[in-house]
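Asker: Whenever a hint applies, use it, and build me the whole structure from the sequences.
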Amino acid sequence: METVLVLDFGAQYSQLIARRVRECRVYSDMIPYDTPVAEIAARKPRGLILSGGPASVYADDALELDPAIFELGIPVLGICYGMQVMAHSLGGEVTRTGKGEFGKTELNVTKEVVLFDDLPSTQTCWMSHRDSVTTPPDGFEITGTTESSPVAVMENTDRGLFGIQCHPEVVHTPYGTDILKNFLFEACECTPSWTVVSIIEDSVAAIREQVRDEKVICGLSGGVDSSTAALLVYRAVRDNLTCIFVDHGLLRKNEAGQVIDAFENHFHVPLIHIQAEERFIGKLAGVNEPEQKRKIIGEEFIRIFEEEARKLEGVRFLVQGTLYSDVIESGTRDAAKIKSHHNVGGLPEDMDLDLVEPLRHIFKDEVRNVAGELGLPDNMVWRQPFPGPGLAIRIIGEVTQERLEILREADFILQEEVRRAGLYRQLWQSFCVLPAIRSVGVMGDERTYAYPIIIRAVTSEDAMTADWARLPYDLLETISSRIINEVPGVNRVALDISSKPPSTIEWE
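In the numbering used here, the protein residues as written are -19 to 488.
No lab work stands behind these hints: they were computed from the structure. We put the CB at the ideal spot given by N, CA and C, even for glycine. One should not assume that every hint holds.
Straight-line C-alpha distance at most 20 angstroms; calculated SDA-like pairs for lysine to any residue [what the hints assert, rightly or not]:
hint, residue 1, residue 2
1, Lys291, Phe225
2, Lys84, Arg139
3, Lys263, Lys195
4, Lys233, Ile261
5, Lys91, Arg110
6, Lys233, Glu382
7, Lys195, Leu335
8, Lys91, Pro34
9, Lys233, Gln255
10, Lys263, Lys84
11, Lys233, Pro468
Computed beta-carbon distance windows for the label pairs [as the list claims (entries may be wrong)]:
hint, residue 1, residue 2, range
12, Thr15, Arg76, 20 to 30 angstroms
13, Ala21, Arg400, 51 to 61 angstroms
14, Thr114, Ala21, 28 to 38 angstroms
Answerer: Now the structure itself:
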(Lines of atoms letter the chains of each structure in order from A and count residues from 1; the text may use other names and numbers.)
(Lines give C-alpha, C1' and ligand atoms only; values in the text may rest on other atoms or scores of the structure.)
Protein backbone atom coordinates (compact mmCIF):
# COMPACT_ATOMS: atom_id res chain seq x y z
CA MET A 1 0.00 0.00 0.00
CA GLU A 2 1.07 3.59 -0.53
CA THR A 3 2.96 4.87 2.50
CA VAL A 4 4.23 8.24 3.68
CA LEU A 5 6.86 7.91 6.40
CA VAL A 6 7.31 10.41 9.24
CA LEU A 7 10.90 10.72 10.44
CA ASP A 8 10.71 11.39 14.18
CA PHE A 9 13.07 14.03 15.57
CA GLY A 10 11.79 13.63 19.13
CA ALA A 11 8.78 15.92 19.33
CA GLN A 12 6.29 14.46 21.78
CA TYR A 13 3.48 14.85 19.26
CA SER A 14 5.22 13.73 16.08
CA GLN A 15 2.61 10.98 15.81
CA LEU A 16 -0.03 13.66 15.19
CA ILE A 17 1.51 14.10 11.76
CA ALA A 18 1.01 10.42 11.01
CA ARG A 19 -2.53 10.68 12.33
CA ARG A 20 -3.40 13.62 10.07
CA VAL A 21 -1.95 11.84 7.06
CA ARG A 22 -4.11 8.80 7.83
CA GLU A 23 -7.15 11.05 8.14
CA CYS A 24 -6.45 11.92 4.51
CA ARG A 25 -6.76 8.14 3.87
CA VAL A 26 -3.06 7.64 3.18
CA TYR A 27 -1.19 5.17 5.39
CA SER A 28 1.60 6.71 7.46
CA ASP A 29 4.11 5.29 9.89
CA MET A 30 6.61 6.96 12.21
CA ILE A 31 10.26 5.87 12.19
CA PRO A 32 13.46 7.17 13.88
CA TYR A 33 15.08 10.15 12.17
CA ASP A 34 18.34 8.24 11.58
CA THR A 35 16.82 5.12 10.02
CA PRO A 36 19.35 4.07 7.36
CA VAL A 37 18.50 5.50 3.97
CA ALA A 38 18.66 2.01 2.44
CA GLU A 39 15.93 0.81 4.84
CA ILE A 40 13.76 3.80 3.96
CA ALA A 41 14.23 3.17 0.26
CA ALA A 42 13.35 -0.51 0.71
CA ARG A 43 9.91 0.48 2.01
CA LYS A 44 9.27 2.42 -1.20
CA PRO A 45 7.45 5.36 0.43
CA ARG A 46 5.59 7.84 -1.74
CA GLY A 47 6.90 10.67 0.44
CA LEU A 48 8.72 11.60 3.65
CA ILE A 49 7.82 14.09 6.37
CA LEU A 50 10.48 15.39 8.76
CA SER A 51 8.88 16.08 12.15
CA GLY A 52 9.45 18.87 14.62
CA GLY A 53 11.77 18.44 17.58
CA PRO A 54 12.94 20.16 20.75
CA ALA A 55 16.54 20.87 19.69
CA SER A 56 18.47 23.47 17.72
CA VAL A 57 20.39 22.42 14.61
CA TYR A 58 23.43 24.09 16.20
CA ALA A 59 23.22 22.30 19.54
CA ASP A 60 26.09 19.97 20.47
CA ASP A 61 23.71 17.03 20.56
CA ALA A 62 21.63 18.12 17.55
CA LEU A 63 19.80 15.36 15.70
CA GLU A 64 21.29 15.36 12.22
CA LEU A 65 19.81 14.12 8.99
CA ASP A 66 21.60 12.05 6.36
CA PRO A 67 21.63 14.32 3.27
CA ALA A 68 21.22 11.18 1.12
CA ILE A 69 17.54 11.38 2.05
CA PHE A 70 17.20 14.18 -0.48
CA GLU A 71 18.70 12.03 -3.25
CA LEU A 72 15.99 9.34 -3.08
CA GLY A 73 13.92 11.18 -5.67
CA ILE A 74 10.78 11.24 -3.52
CA PRO A 75 9.01 14.32 -2.11
CA VAL A 76 10.07 15.49 1.36
CA LEU A 77 8.22 17.90 3.66
CA GLY A 78 10.05 19.40 6.65
CA ILE A 79 7.91 20.72 9.53
CA CYS A 80 9.38 23.16 12.11
CA TYR A 81 12.69 21.54 13.18
CA GLY A 82 12.30 19.31 10.13
CA MET A 83 12.35 22.41 7.90
CA GLN A 84 15.37 23.78 9.75
CA VAL A 85 17.36 20.55 9.48
CA MET A 86 16.45 20.40 5.78
CA ALA A 87 17.72 23.94 5.24
CA HIS A 88 20.86 23.32 7.31
CA SER A 89 21.66 20.06 5.48
CA LEU A 90 21.26 21.64 2.04
CA GLY A 91 23.36 24.74 2.68
CA GLY A 92 20.75 27.24 3.83
CA GLU A 93 21.09 29.42 6.93
CA VAL A 94 19.31 28.84 10.24
CA THR A 95 19.62 31.57 12.88
CA ARG A 96 18.45 32.31 16.40
CA THR A 97 17.01 35.72 15.61
CA GLY A 98 15.84 36.53 19.13
CA LYS A 99 12.27 36.63 17.84
CA GLY A 100 10.78 33.26 18.63
CA GLU A 101 7.16 32.56 17.74
CA PHE A 102 4.79 30.62 19.98
CA GLY A 103 1.06 30.21 19.47
CA LYS A 104 -1.25 31.62 16.83
CA THR A 105 0.54 33.60 14.13
CA GLU A 106 -0.55 35.27 10.89
CA LEU A 107 1.02 33.66 7.82
CA ASN A 108 1.26 35.54 4.53
CA VAL A 109 1.42 33.37 1.41
CA THR A 110 3.64 35.09 -1.13
CA LYS A 111 3.21 32.54 -3.91
CA GLU A 112 0.74 29.68 -4.43
CA VAL A 113 2.88 26.83 -5.73
CA VAL A 114 2.21 23.41 -4.15
CA LEU A 115 1.63 23.62 -0.40
CA PHE A 116 -0.76 26.58 -0.64
CA ASP A 117 -2.44 25.80 -3.93
CA ASP A 118 -6.03 27.17 -3.79
CA LEU A 119 -5.60 28.34 -0.17
CA PRO A 120 -6.06 31.88 1.25
CA SER A 121 -3.14 34.27 0.91
CA THR A 122 -3.45 35.24 4.58
CA GLN A 123 -4.21 32.63 7.23
CA THR A 124 -3.68 31.72 10.87
CA CYS A 125 -1.11 29.08 11.76
CA TRP A 126 0.43 27.63 14.93
CA MET A 127 4.09 28.34 15.62
CA SER A 128 6.43 26.96 18.28
CA HIS A 129 10.09 27.82 17.59
CA ARG A 130 13.05 29.99 18.50
CA ASP A 131 15.43 29.33 15.57
CA SER A 132 14.37 30.46 12.08
CA VAL A 133 15.47 29.79 8.53
CA THR A 134 16.85 33.15 7.35
CA THR A 135 18.28 32.06 4.00
CA PRO A 136 16.83 29.11 2.08
CA PRO A 137 19.12 26.65 0.25
CA ASP A 138 19.85 27.14 -3.45
CA GLY A 139 16.92 26.23 -5.68
CA PHE A 140 14.26 27.03 -3.04
CA GLU A 141 11.88 29.93 -3.28
CA ILE A 142 10.17 31.60 -0.33
CA THR A 143 6.41 31.06 -0.56
CA GLY A 144 5.32 32.21 2.90
CA THR A 145 6.40 34.66 5.61
CA THR A 146 5.36 35.86 9.04
CA GLU A 147 6.31 38.99 10.95
CA SER A 148 9.20 37.20 12.71
CA SER A 149 10.03 34.50 10.12
CA PRO A 150 11.24 35.80 6.75
CA VAL A 151 11.29 32.19 5.52
CA ALA A 152 8.14 30.64 6.99
CA VAL A 153 7.58 28.42 3.95
CA MET A 154 10.07 27.35 1.28
CA GLU A 155 9.60 25.12 -1.75
CA ASN A 156 11.81 23.52 -4.38
CA THR A 157 9.19 22.06 -6.70
CA ASP A 158 11.76 20.70 -9.18
CA ARG A 159 13.22 18.39 -6.50
CA GLY A 160 9.96 17.90 -4.58
CA LEU A 161 11.37 19.42 -1.39
CA PHE A 162 9.20 21.56 0.90
CA GLY A 163 9.61 23.22 4.29
CA ILE A 164 7.10 24.89 6.57
CA GLN A 165 7.87 26.49 9.92
CA CYS A 166 4.37 26.22 11.38
CA HIS A 167 2.61 23.01 12.44
CA PRO A 168 -0.05 21.91 9.93
CA GLU A 169 -0.77 18.80 12.00
CA VAL A 170 -2.40 20.71 14.89
CA VAL A 171 -6.00 21.89 14.90
CA HIS A 172 -4.83 25.45 15.65
CA THR A 173 -3.68 25.70 12.02
CA PRO A 174 -7.12 25.86 10.33
CA TYR A 175 -5.81 25.04 6.84
CA GLY A 176 -3.26 22.52 8.10
CA THR A 177 -5.05 19.49 6.67
CA ASP A 178 -5.35 21.23 3.29
CA ILE A 179 -1.61 21.92 3.33
CA LEU A 180 -0.92 18.25 4.03
CA LYS A 181 -3.37 17.18 1.31
CA ASN A 182 -1.54 19.35 -1.21
CA PHE A 183 1.71 17.63 -0.26
CA LEU A 184 0.15 14.14 -0.33
CA PHE A 185 -1.93 14.41 -3.48
CA GLU A 186 -0.03 16.96 -5.58
CA ALA A 187 3.59 16.41 -4.60
CA CYS A 188 3.48 12.69 -3.69
CA GLU A 189 0.64 11.80 -6.08
CA CYS A 190 -0.92 9.50 -3.47
CA THR A 191 -4.40 8.02 -3.76
CA PRO A 192 -6.76 7.98 -0.73
CA SER A 193 -6.95 4.19 -0.29
CA TRP A 194 -6.33 3.72 3.46
CA THR A 195 -9.79 2.63 4.71
CA VAL A 196 -11.36 0.59 7.49
CA VAL A 197 -11.71 -2.39 5.18
CA SER A 198 -8.06 -2.18 4.19
CA ILE A 199 -7.03 -2.02 7.87
CA ILE A 200 -8.98 -5.21 8.61
CA GLU A 201 -7.70 -7.05 5.54
CA ASP A 202 -4.08 -6.07 6.21
CA SER A 203 -4.36 -6.97 9.92
CA VAL A 204 -5.90 -10.38 9.29
CA ALA A 205 -3.24 -11.17 6.69
CA ALA A 206 -0.44 -10.09 9.04
CA ILE A 207 -1.87 -12.17 11.91
CA ARG A 208 -2.09 -15.28 9.73
CA GLU A 209 1.47 -14.78 8.55
CA GLN A 210 2.76 -14.40 12.12
CA VAL A 211 0.67 -17.07 13.87
CA ARG A 212 0.16 -19.66 11.13
CA ASP A 213 -1.25 -22.83 12.80
CA GLU A 214 -0.12 -22.04 16.36
CA LYS A 215 -2.47 -21.66 19.32
CA VAL A 216 -3.17 -18.16 20.63
CA ILE A 217 -4.55 -16.64 23.82
CA CYS A 218 -5.90 -13.11 24.12
CA GLY A 219 -5.79 -10.97 27.24
CA LEU A 220 -9.33 -9.62 27.23
CA SER A 221 -10.40 -6.62 29.30
CA GLY A 222 -13.75 -5.96 27.63
CA GLY A 223 -12.69 -2.54 26.37
CA VAL A 224 -12.85 -1.66 22.70
CA ASP A 225 -9.10 -2.19 22.20
CA SER A 226 -8.73 -5.74 23.47
CA SER A 227 -12.17 -6.71 22.10
CA THR A 228 -11.28 -5.47 18.61
CA ALA A 229 -7.90 -7.22 18.77
CA ALA A 230 -9.65 -10.43 19.83
CA LEU A 231 -12.14 -10.32 16.94
CA LEU A 232 -9.41 -9.59 14.39
CA VAL A 233 -7.41 -12.57 15.62
CA TYR A 234 -10.54 -14.75 15.78
CA ARG A 235 -11.26 -13.86 12.16
CA ALA A 236 -7.70 -14.90 11.27
CA VAL A 237 -7.26 -18.11 13.30
CA ARG A 238 -10.78 -19.09 14.44
CA ASP A 239 -10.70 -21.96 16.98
CA ASN A 240 -6.98 -21.60 17.66
CA LEU A 241 -7.87 -18.56 19.80
CA THR A 242 -8.86 -18.66 23.47
CA CYS A 243 -9.67 -15.41 25.29
CA ILE A 244 -8.67 -15.03 28.94
CA PHE A 245 -10.46 -12.47 31.06
CA VAL A 246 -8.58 -11.70 34.28
CA ASP A 247 -10.74 -10.03 36.93
CA HIS A 248 -8.01 -8.32 38.93
CA GLY A 249 -10.47 -6.63 41.29
CA LEU A 250 -9.58 -3.22 39.87
CA LEU A 251 -12.53 -2.90 37.48
CA ARG A 252 -15.49 -0.56 37.66
CA LYS A 253 -18.81 -1.62 39.16
CA ASN A 254 -20.60 -4.46 37.28
CA GLU A 255 -17.94 -4.47 34.57
CA ALA A 256 -16.81 -8.09 34.89
CA GLY A 257 -20.31 -9.42 34.25
CA GLN A 258 -20.71 -7.26 31.15
CA VAL A 259 -17.47 -8.58 29.65
CA ILE A 260 -18.36 -12.22 30.25
CA ASP A 261 -21.85 -11.79 28.83
CA ALA A 262 -20.61 -10.07 25.67
CA PHE A 263 -18.02 -12.67 24.69
CA GLU A 264 -19.78 -15.82 25.81
CA ASN A 265 -23.30 -14.99 24.66
CA HIS A 266 -22.81 -12.47 21.83
CA PHE A 267 -19.58 -13.42 20.06
CA HIS A 268 -19.35 -17.07 21.20
CA VAL A 269 -15.56 -16.86 21.43
CA PRO A 270 -13.94 -19.40 23.82
CA LEU A 271 -13.43 -17.58 27.13
CA ILE A 272 -11.68 -18.42 30.40
CA HIS A 273 -12.60 -16.28 33.41
CA ILE A 274 -9.91 -15.91 36.11
CA GLN A 275 -10.77 -14.49 39.54
CA ALA A 276 -7.54 -12.88 40.76
CA GLU A 277 -8.58 -9.98 43.01
CA GLU A 278 -6.72 -11.18 46.11
CA ARG A 279 -3.61 -11.92 44.08
CA PHE A 280 -3.35 -8.43 42.56
CA ILE A 281 -4.29 -6.48 45.67
CA GLY A 282 -1.79 -8.53 47.66
CA LYS A 283 0.98 -7.66 45.20
CA LEU A 284 0.06 -3.96 45.42
CA ALA A 285 0.13 -3.82 49.23
CA GLY A 286 2.36 -0.99 50.44
CA VAL A 287 3.07 0.27 46.90
CA ASN A 288 2.64 4.01 46.30
CA GLU A 289 4.76 4.81 43.24
CA PRO A 290 2.69 4.75 40.02
CA GLU A 291 5.34 3.31 37.70
CA GLN A 292 5.86 0.46 40.18
CA LYS A 293 2.11 -0.17 40.26
CA ARG A 294 1.99 -0.42 36.48
CA LYS A 295 4.94 -2.80 36.32
CA ILE A 296 3.53 -5.04 39.08
CA ILE A 297 0.15 -5.23 37.36
CA GLY A 298 1.68 -5.75 33.92
CA GLU A 299 3.90 -8.57 35.14
CA GLU A 300 1.11 -10.27 37.08
CA PHE A 301 -1.11 -10.27 33.99
CA ILE A 302 1.66 -11.97 32.01
CA ARG A 303 2.30 -14.57 34.72
CA ILE A 304 -1.39 -15.51 34.75
CA PHE A 305 -1.48 -15.72 30.96
CA GLU A 306 1.60 -17.97 31.04
CA GLU A 307 0.00 -20.22 33.66
CA GLU A 308 -3.18 -20.56 31.61
CA ALA A 309 -1.21 -21.13 28.43
CA ARG A 310 0.58 -24.08 30.04
CA LYS A 311 -2.78 -25.57 30.99
CA LEU A 312 -3.99 -25.27 27.41
CA GLU A 313 -0.73 -26.75 26.06
CA GLY A 314 1.02 -25.65 22.93
CA VAL A 315 0.14 -21.96 23.20
CA ARG A 316 2.85 -19.74 21.78
CA PHE A 317 1.22 -16.33 21.24
CA LEU A 318 -0.46 -13.70 23.42
CA VAL A 319 -2.75 -11.09 21.87
CA GLN A 320 -2.85 -7.57 23.33
CA GLY A 321 -4.85 -4.49 22.41
CA THR A 322 -1.83 -2.19 22.40
CA LEU A 323 -2.41 1.10 20.54
CA TYR A 324 -0.03 3.49 18.81
CA SER A 325 -0.62 6.07 21.57
CA ASP A 326 0.36 3.48 24.24
CA VAL A 327 3.66 2.92 22.46
CA ILE A 328 4.39 6.64 22.05
CA GLU A 329 3.58 7.60 25.66
CA SER A 330 5.69 4.73 26.96
CA GLY A 331 8.65 6.41 25.29
CA THR A 332 10.33 6.13 21.92
CA ARG A 333 14.07 6.33 21.53
CA ASP A 334 13.92 10.05 20.71
CA ALA A 335 10.76 11.11 22.57
CA ALA A 336 10.45 11.29 26.35
CA LYS A 337 8.58 8.67 28.34
CA ILE A 338 5.40 10.10 29.83
CA LYS A 339 4.32 6.91 31.60
CA SER A 340 4.82 3.19 31.05
CA HIS A 341 1.61 1.61 29.83
CA HIS A 342 1.25 -1.75 31.52
CA ASN A 343 1.12 -3.50 28.14
CA VAL A 344 4.27 -1.78 26.84
CA GLY A 345 6.79 -0.51 29.39
CA GLY A 346 5.24 -2.62 32.15
CA LEU A 347 5.92 -5.99 30.51
CA PRO A 348 8.48 -8.31 32.07
CA GLU A 349 11.57 -9.12 30.02
CA ASP A 350 11.40 -12.87 30.66
CA MET A 351 8.14 -13.69 28.88
CA ASP A 352 7.34 -17.20 27.65
CA LEU A 353 4.88 -15.91 25.02
CA ASP A 354 5.34 -13.98 21.79
CA LEU A 355 3.11 -10.94 21.36
CA VAL A 356 0.50 -10.41 18.68
CA GLU A 357 -0.54 -6.74 18.61
CA PRO A 358 -2.78 -6.07 15.60
CA LEU A 359 -3.64 -2.53 16.78
CA ARG A 360 -0.11 -1.42 17.63
CA HIS A 361 0.10 0.96 14.68
CA ILE A 362 -3.36 2.52 14.74
CA PHE A 363 -5.05 5.23 16.76
CA LYS A 364 -8.12 5.04 18.96
CA ASP A 365 -10.52 6.53 16.44
CA GLU A 366 -9.31 4.02 13.85
CA VAL A 367 -9.89 1.22 16.36
CA ARG A 368 -13.47 2.35 16.90
CA ASN A 369 -14.08 2.35 13.15
CA VAL A 370 -12.65 -1.16 12.85
CA ALA A 371 -14.72 -2.31 15.84
CA GLY A 372 -17.93 -1.08 14.23
CA GLU A 373 -17.07 -2.81 10.97
CA LEU A 374 -16.44 -6.06 12.89
CA GLY A 375 -19.86 -5.87 14.53
CA LEU A 376 -19.07 -4.88 18.10
CA PRO A 377 -22.17 -3.38 19.78
CA ASP A 378 -22.20 0.38 20.28
CA ASN A 379 -21.92 0.15 24.07
CA MET A 380 -18.51 -1.54 23.60
CA VAL A 381 -17.36 0.49 20.60
CA TRP A 382 -17.98 3.76 22.40
CA ARG A 383 -17.04 2.75 25.91
CA GLN A 384 -14.74 5.40 27.30
CA PRO A 385 -11.09 4.31 27.56
CA PHE A 386 -10.25 2.48 30.77
CA PRO A 387 -6.62 1.73 31.65
CA GLY A 388 -5.41 -1.84 32.02
CA PRO A 389 -4.23 -1.22 35.62
CA GLY A 390 -7.80 -0.05 36.28
CA LEU A 391 -8.68 1.74 39.48
CA ALA A 392 -5.20 1.09 40.88
CA ILE A 393 -3.87 4.15 39.07
CA ARG A 394 -6.87 6.26 40.03
CA ILE A 395 -6.03 5.79 43.70
CA ILE A 396 -3.14 8.14 44.40
CA GLY A 397 -1.27 6.16 47.02
CA GLU A 398 -1.57 2.61 48.30
CA VAL A 399 -4.36 0.48 46.87
CA THR A 400 -6.59 -1.00 49.59
CA GLN A 401 -9.91 -2.80 49.49
CA GLU A 402 -11.59 0.09 51.33
CA ARG A 403 -10.32 2.71 48.86
CA LEU A 404 -11.29 0.54 45.89
CA GLU A 405 -14.88 0.25 47.13
CA ILE A 406 -15.14 3.99 47.77
CA LEU A 407 -13.74 4.87 44.35
CA ARG A 408 -15.86 2.24 42.57
CA GLU A 409 -19.10 3.59 44.05
CA ALA A 410 -18.18 7.23 43.38
CA ASP A 411 -17.25 6.46 39.78
CA PHE A 412 -20.52 4.58 39.24
CA ILE A 413 -22.47 7.68 40.29
CA LEU A 414 -20.41 9.89 37.98
CA GLN A 415 -20.96 7.59 34.98
CA GLU A 416 -24.68 7.31 35.72
CA GLU A 417 -25.18 11.07 35.85
CA VAL A 418 -23.02 11.77 32.78
CA ARG A 419 -25.07 9.28 30.77
CA ARG A 420 -28.32 10.70 32.13
CA ALA A 421 -27.21 14.16 30.98
CA GLY A 422 -26.55 12.80 27.45
CA LEU A 423 -22.86 13.71 27.59
CA TYR A 424 -21.19 10.30 27.63
CA ARG A 425 -20.38 10.16 23.91
CA GLN A 426 -19.23 13.79 23.90
CA LEU A 427 -16.49 13.09 26.44
CA TRP A 428 -13.28 11.23 25.74
CA GLN A 429 -13.09 10.15 29.38
CA SER A 430 -14.87 10.92 32.62
CA PHE A 431 -13.84 9.29 35.88
CA CYS A 432 -13.13 9.77 39.56
CA VAL A 433 -9.77 9.92 41.32
CA LEU A 434 -9.21 9.15 45.01
CA PRO A 435 -6.06 10.67 46.54
CA ALA A 436 -4.97 8.88 49.70
CA ILE A 437 -5.39 11.94 51.89
CA ARG A 438 -8.17 13.04 54.22
CA SER A 439 -9.74 16.41 54.83
CA VAL A 440 -11.99 17.87 57.50
CA GLY A 441 -15.72 18.15 56.86
CA VAL A 442 -19.00 18.63 58.73
CA MET A 443 -21.93 16.21 58.47
CA GLY A 444 -24.90 16.31 60.82
CA ASP A 445 -23.19 18.92 63.01
CA GLU A 446 -20.30 16.54 63.56
CA ARG A 447 -16.72 16.71 62.39
CA THR A 448 -15.68 14.26 59.68
CA TYR A 449 -12.22 13.34 58.48
CA ALA A 450 -12.68 11.59 55.14
CA TYR A 451 -11.40 11.21 51.59
CA PRO A 452 -11.90 13.72 48.77
CA ILE A 453 -13.02 12.56 45.34
CA ILE A 454 -11.72 14.40 42.27
CA ILE A 455 -13.76 14.45 39.06
CA ARG A 456 -11.77 14.28 35.83
CA ALA A 457 -13.56 14.79 32.51
CA VAL A 458 -11.85 15.62 29.21
CA THR A 459 -12.54 16.01 25.51
CA SER A 460 -10.03 14.71 22.97
CA GLU A 461 -9.59 13.15 19.54
CA ASP A 462 -6.81 10.67 20.23
CA ALA A 463 -5.70 11.07 23.89
CA MET A 464 -2.41 12.66 22.84
CA THR A 465 -3.84 16.09 23.65
CA ALA A 466 -6.96 16.81 25.70
CA ASP A 467 -8.95 19.72 27.10
CA TRP A 468 -10.90 19.66 30.36
CA ALA A 469 -14.63 19.35 29.75
CA ARG A 470 -16.89 22.26 30.71
CA LEU A 471 -19.54 20.19 32.48
CA PRO A 472 -22.73 22.08 33.40
CA TYR A 473 -22.79 23.42 36.95
CA ASP A 474 -26.09 21.76 37.77
CA LEU A 475 -24.66 18.40 36.68
CA LEU A 476 -21.58 18.91 38.83
CA GLU A 477 -23.78 19.85 41.76
CA THR A 478 -25.84 16.67 41.37
CA ILE A 479 -22.74 14.47 41.10
CA SER A 480 -21.09 16.08 44.11
CA SER A 481 -24.22 15.84 46.25
CA ARG A 482 -24.82 12.19 45.38
CA ILE A 483 -21.22 11.11 45.98
CA ILE A 484 -21.02 12.83 49.37
CA ASN A 485 -24.44 11.57 50.48
CA GLU A 486 -24.26 8.04 49.07
CA VAL A 487 -20.62 6.99 49.41
CA PRO A 488 -19.41 6.46 53.00
CA GLY A 489 -15.92 7.80 53.61
CA VAL A 490 -16.17 10.83 51.28
CA ASN A 491 -16.80 14.40 52.43
CA ARG A 492 -15.46 16.52 49.58
CA VAL A 493 -15.64 16.57 45.75
CA ALA A 494 -13.25 18.60 43.57
CA LEU A 495 -12.96 19.18 39.81
CA ASP A 496 -9.75 18.85 37.79
CA ILE A 497 -9.62 21.71 35.24
CA SER A 498 -6.18 21.05 33.72
CA SER A 499 -5.56 20.18 30.09
CA LYS A 500 -3.03 17.88 28.40
CA PRO A 501 -0.39 19.15 28.10
CA PRO A 502 0.83 20.10 30.66
CA SER A 503 -1.10 17.44 32.61
CA THR A 504 -1.91 13.92 31.49
CA ILE A 505 -5.46 12.57 31.35
CA GLU A 506 -4.94 9.95 34.05
CA TRP A 507 -3.36 11.07 37.31
CA GLU A 508 -0.87 8.21 37.35
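Asker: Each hint needs a verdict: does it hold in this structure or not?
Answerer: Tested hints:
1. Lys291 with Phe225: Given that 20 angstroms is the threshold and the Cα spacing comes to 15 angstroms, the pair holds.
2. Lys84 with Arg139: violated, 30 angstroms
3. Lys263 with Lys195: Distance ~30 angstroms between Lys263 and Lys195 Cα, so the pair is violated.
4. Lys233 with Ile261: Holds, at roughly 17 angstroms.
5. Lys91 with Arg110: Not OK: Lys91 and Arg110 at ~25 angstroms, beyond 20 angstroms, violated.
6. Lys233 with Glu382: Given pair Lys233, Glu382 holds - Cα atoms ~14 angstroms apart, limit 20 angstroms.
7. Lys195 with Leu335: Between Lys195 and Leu335 the Cα gap is close to 12 angstroms, so the pair holds against 20 angstroms.
8. Lys91 with Pro34: violated, 29 angstroms
9. Lys233 with Gln255: holds, 15 angstroms
10. Lys263 with Lys84: violated, 49 angstroms
11. Lys233 with Pro468: The hint holds at about 16 angstroms.
12. Thr15 with Arg76: 20 to 30 angstroms: The hint (20 to 30 angstroms, Cβ to Cβ) holds, given that Thr15 and Arg76 are roughly 28 angstroms apart.
13. Ala21 with Arg400: 51 to 61 angstroms: holds, 56 angstroms
14. Thr114 with Ala21: 28 to 38 angstroms: holds, 32 angstroms
In summary, the numbered hints that this structure violates are 2, 3, 5, 8, 10.
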